[in-house]
Every structure is written in structure tokens, then in C-alpha cells.
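Take these sequences, add in the hints, and give me the full structure.
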Amino acid sequence: MDTPAEELADGDLVLRRWRLDDADAAYRAVSESIDHLAPWTAWAVHGYTERDAVEFVERCQDNWRNGESYDYAIVTARGTIVGGCGMMARIGPGGLEIGYWIGKRYTGRGLATRATALLVDEAFRIGADRVEIVHDAANVRSGAIPARLGFTEVHRGPRQGTLTPGESGIDVVWRLER
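Sequential numbering of the sequence shown, starting at 5, is according to the numbering used here.
Hints may contain errors.
[Claimed, not checked] Have a look at the derived ranges for each label pair, beta carbon to beta carbon:
(1) Glu-59 x Glu-157: 30 to 36 Å
(2) Glu-54 x Val-158: 37 to 43 Å
(3) Pro-43 x Thr-117: 30 to 36 Å
Treat the hints as calculated values from the structure; they're not laboratory data. Ideal Cβ positions, reconstructed from N, Cα and C, are used throughout, including at glycine.
In C-alpha cells:
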């Protein structure tokens with residue numbers, strides 16, 4: 005697969021590769037929404053520190069370089085980071101998994117759906133033959149995104165590993181093929 009573009013846009017919504025100087029903005033975005041994110045994201049369960057944010061953007065840089073994942077800040081027209089999303093090369097050759105989160109104040113505006121649509125287009129442009137989204141069955145809002153974008157539910161089963169407080173322990177896997 006090719007390397008994705010460092011910036012993707014849909015009108016007033018921009019996805020851009022996380023930069024080292026984004027750590028403060030990432031910290032603010034997560035901190036303002038910790039109660040909203042913790043039920044679904046293991047990295048938010050025990051809080052989120054400024055050091056966590058620095059390590060996150062550093063890891064994003066490393067992962068981009070080695071092709072492990074391609075992570076983007078979700079940015080509004082005003083330049084505010086309102087969430088994050090990415091494509092992870094962890095579902096086997098030719099496939100990319102997409103993940104996303106949106107700050108609590110910005111939910112219900114279609115931003116995660118628009119960001120995901122941009123990632124799907126980019127995944128296919130760079131050579132992926134399939135894209136998957138995985139979420140916990142209890143996270144109904146997250147599951148609405150692949151359903152809206154034409155993905156097909158291909159699996160529902162027990163989750164491996166530690167659960168976060170809101171999770172049911174049932175993973176739902178959605179797939180869209182080129």
C-alpha cells in the first residue's frame with residue numbers, strides 16, 4: 005500500500021496528521037471529554053495526563069513512519085482539534101481498520117461520520133482492498149457510523165482482553181470492500 009496523504013478535507017472539516025506541537029490541544033480535547041470517552045476507550049479509563057498526550061503524538065509519529073498506523077487530528081474550520089481518527093494496519097494484508105473518537109461537545113454533528121468517510125476513501129486510494137471498523141455492541145453511536153457509510157456487519161462475538169466500564173464485551177466488526 006502507498007502512504008496516505010498527511011491532510012484530508014471535506015469542506016470545513018480537516019483531518020491532518022498529528023504533529024508534535026499538538027500535544028497540548030490533544031490533552032485539552034481528551035480532558036474535556038474524559039467522562040464521554042472512558043466508557044469506550046481503555047486509554048481514557050484512568051484519566052489522561054499531559055504526558056499521555058505527548059506520548060500519544062510521539063507514538064503517532066513513529067507509527068506513521070513504520071506504517072503501523074496513520075493517525076489524524078480532526079480539526080474544525082476554526083482550527084480546533086475536536087477528536088482523532090486513524091487507519092491501523094492490523095487486520096492482515098490489504099486491509100486497514102479505522103478507529104475514531106469525537107469530543108463530547110462535538111458529538112451529534114456528523115463529524116465522526118465525515119471523518120470516517122474521508123479515511124475510507126483514502127484507504128482505497130492507497131491500495132486497501134477492505135476496511136473494517138470494530139466497536140463494542142453497547143456503543144450504539146459508534147456503530148451507527150459504519151451502518152451509515154454502507155459497511156456490512158460481518159462478525160459479532162466475545163471481546164478478548166480487558167473491558168472498559170461501558171463495554172458489553174461483545175465486539176461488532178463491520179467491513180467495506182473496495
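Now for the hints, and whether the structure bears them out:
1. Glu-59 x Glu-157: 30 to 36 Å: holds (34 Å)
2. Glu-54 x Val-158: 37 to 43 Å: holds (39 Å)
3. Pro-43 x Thr-117: 30 to 36 Å: violated (20 Å)
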